[in-house]
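Chemist: Sequence:
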Amino acid sequence: MINNNIKVAYIVKELVPYRVNFFHLIEKNIDGQSLFIIDKEPNAETKELLNDNNFPIRIIGHNIKLPSFIFKQKRFVRYLPIGIIKLLKEYKPDIIICPEYSLQTIFALLYSKLFSAKIIIWCSLTSLDERISFKGQRILRNILRKQADAFICYSKMAYEYLIKRGIKSNKCFVAENCSDVLFFSNMYQAENDKRPNNITRLLYIGALTREKGVDKLLECLSKLNNLNWHMTIIGTGELSNELFQQKEKLFREKLDLLGYIPRKKLPEYYLKSDIFVFPTKSDVWGHVIDEAMALGCSVVSSNKSVAALELIDSGVNGYVYDNDKEDELYNKLKYLLENPKCAREIGLNAIKTMQEHNEENSSKNYIGAIEYVAEKYNK
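So the sequence shown is residues 1 to 379, counted in this note's numbering.
If you're looking for bench data, these hints aren't it; they were derived computationally from the structure.
The structure displayed is predicted, hence computed values, not measured ones.
There's no promise every hint is true.
Said to hold, decoys possible - List time: in silico DSS-like cross-link candidates among lysine-lysine, alpha-carbon distance up to 30 Å:
no.	residue 1	residue 2
1	Lys249	Lys28
2	Lys47	Lys168
3	Lys247	Lys272
4	Lys92	Lys164
5	Lys28	Lys376
6	Lys89	Lys376
7	Lys376	Lys272
8	Lys364	Lys40
9	Lys13	Lys247
10	Lys89	Lys47
11	Lys247	Lys281
12	Lys168	Lys216
13	Lys92	Lys272
14	Lys47	Lys376
15	Lys146	Lys156
To be verified - Ranges between beta-carbon positions, derived for each pair:
no.	residue 1	residue 2	range
16	Pro56	Glu160	15 to 25 Å
17	Pro56	Lys341	47 to 57 Å
18	Glu338	Glu268	20 to 30 Å
19	Asp256	Lys376	52 to 62 Å
20	Pro56	Asp193	32 to 42 Å
Yeah, the Cβ is synthetic: ideal placement off N, Cα and C, and Gly gets one too.
The whole structure should be built from the sequences, with the hints applied where relevant.
Modeler: Structural data, given as C-alpha cells:
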C-alpha cells in the first residue's frame with residue numbers, strides 16, 4: 001500500500017470496459033488521489049462501470065486534427081491533444097502514467113519538465129509490432145524512453161524489447177495486459193457446462209477487418225465445409241457485407257453473423273463454444289484470448305497475438321500457428337474438428353492457466369511501478 005497521499009494521473013486514450021475493474025484494483029491499493037484523463041466520452045457500458053466505482057475522469061476532447069498522410073496506420077484519426085497541459089495544471093499530479101510513445105506522452109513529458117512530475121510509460125511495443133508511422137519516430141521513441149522514470153510492460157515480450165534497447169531492468173515492471181479474467185472465470189461451472197456434444201461450435205469475437213484475418217478464417221472454413229461444425233462471428237467492421245455474402249453463398253445455417261453484442265452478454269457465447277479462433281495479423285495483446293481461455297474454450301490463434309505467445313503452450317492449453325505459413329490454420333482446425341475430445345481437454349487446461357493470469361496478479365506489478373517512482377519522488 002502506498003501511504004504518502006500521492007497524486008497519480010492516468011492518461012488513457014480510451015477507457016474501455018475491461019480496464020475499469022483493473023484500475024479499480026489499483027486504486028484500492030493506493031492511499032492517494034487518482035485522475036483518469038481520456039480522449040473522449042466513454043461508451044454507455046463503460047459509464048455504467050465507472051458509476052459503480054466512482055472513477056474521477058476528465059475529457060481532453062479532440063483539439064487539432066492531424067493529417068493522416070504522415071502516419072502509417074491510416075485507419076486511425078489522430079489529434080494534437082493540447083488540452084492535456086491545462087488538465088494536468090489543474091490536477092497537479094506527482095506521477096503521470098502515459099500510453100506508449102504517443103502524442104499524449106509528449107505533452108505529459110513537457111508538463112513534467114515544467115512542474116517536476118514523474119513519468120511512467122505503459123508499453124506494449126514488441127519486436128513483432130514496431131510500426132514506424134513517420135520519419136524520425138524511432139528517434140522520438142528513444143528520446144521518450146530516456147526521459148521516463150519507469151515502464152509498465154504489457155507483456156514479457158514488451159519487457160524484453162525495452163531491455164534490448166538499453167533500459168535498466170529495475171525500471172521495468174511486467175503488468176500483463178490481461179482482461180478482467182475473474183469476471184469471466186467466475187461464470188464457469190463445470191457441472192453446468194452447456195457445450196453440445198453433437199456438433200463442434202467455433203467462435204470469433206472482434207473487429208471484422210482484414211487486419212484481424214477474418215477473411216482468411218472464412219477461406220479456411222470453406223475447405224472444412226464437409227465436417228460437422230457451426231461458427232458464430234460477433235463484431236462489426238469493414239468486412240460485414242462481404243462476410244454476409246459468403247454466408248449466403250457458402251455456409252448458410254453453419255454460420256451466424258451476430259454483429260455487436262454487449263460485453264456483459266459475451267460469456268454465454270464463450271460457454272457454448274468449443275473452439276475460439278483468433279486469426280489476427282497484428283495484435284499488441286488480444287483480450288478475447290484471456291476471456292475464451294477463462295471460460296474453457298480451446299483457442300487457436302496466430303502467432304501475431306502477444307497474448308497467444310505468452311499464455312498458450314501449444315497442444316496443451318491451446319494452439320498457436322504460424323500466420324505466415326499457408327494451411328497452418330486449416331491443419332489446426334481440422335485436427336480439433338476431427339478430435340472433439342482433445343478440444344475439450346485443451347479447454348479445461350486453459351481454465352487452469354487463467355487462474356494465474358488475471359487482473360489481480362497483473363495489478364501487483366503495476367502498483368510496484370508506482371511505488372518505485374513514488375520512492376524516487378520523495379527523495
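Chemist: None of the hints should be skipped; say for each whether it holds.
Modeler: Hint-by-hint comparison with the structure:
With a CA separation close to 53 Å, the supplied pair Lys249 and Lys28 exceeds the 30 Å bound. Distance restraint check for Lys47 and Lys168: the Cα-Cα separation of roughly 38 Å exceeds the 30 Å cut-off, and the hinted pair is therefore not satisfied. A distance of roughly 21 Å separates the Cα atoms of Lys247 and Lys272; the hinted pair therefore holds under the 30 Å criterion. Between Lys92 and Lys164 the alpha-carbon distance is near 34 Å, which puts this suggested pair outside the 30 Å criterion.
With a C-alpha separation of about 22 Å, the suggested pair Lys28 and Lys376 falls inside the 30 Å cut-off, and the hint holds. Proposed proximity of Lys89 and Lys376 is supported: the alpha carbons are some 21 Å apart, at most 30 Å. A threshold of 30 Å between alpha carbons decides the hint, and for Lys376 with Lys272 the separation of about 50 Å lies outside it, so the pair is violated. With a C-alpha separation of about 28 Å, the suggested pairing of Lys364 with Lys40 holds against the 30 Å cut-off.
For the hint linking Lys13 to Lys247, the alpha-carbon distance of about 35 Å lies beyond 30 Å, and the restraint is violated. For a cut-off of 30 Å, the pair hint linking Lys89 to Lys47 stands: about 25 Å separates their Cα positions. Our distance criterion of 30 Å between C-alpha atoms is met by Lys247 and Lys281, whose separation comes to about 22 Å. Restraint check for Lys168 and Lys216: the C-alpha separation of about 41 Å exceeds 30 Å, so the hint is violated.
For the proposed pair Lys92 and Lys272, the alpha carbon gap of about 49 Å is over 30 Å, so the pair is violated. Restraint check for Lys47 and Lys376: the C-alpha separation of about 35 Å exceeds 30 Å, so the hint is violated. A distance of roughly 20 Å separates the Cα atoms of Lys146 and Lys156; the hinted pair therefore holds under the 30 Å criterion. In this structure the hint that Pro56 and Glu160 lie 15 to 25 Å apart at CB is violated, the actual value being about 35 Å.
Against the hinted window of 47 to 57 Å, the Cβ-Cβ separation of Pro56 and Lys341 comes to about 50 Å, which satisfies the hint. Between Glu338 and Glu268, the C-beta spacing of about 27 Å keeps the proposed range 20 to 30 Å intact. As the Cβ distance of Asp256 to Lys376 is approximately 53 Å, the hint placing it in 52 to 62 Å holds. Between Pro56 and Asp193 the beta carbon distance is about 41 Å. The supplied range of 32 to 42 Å therefore holds.
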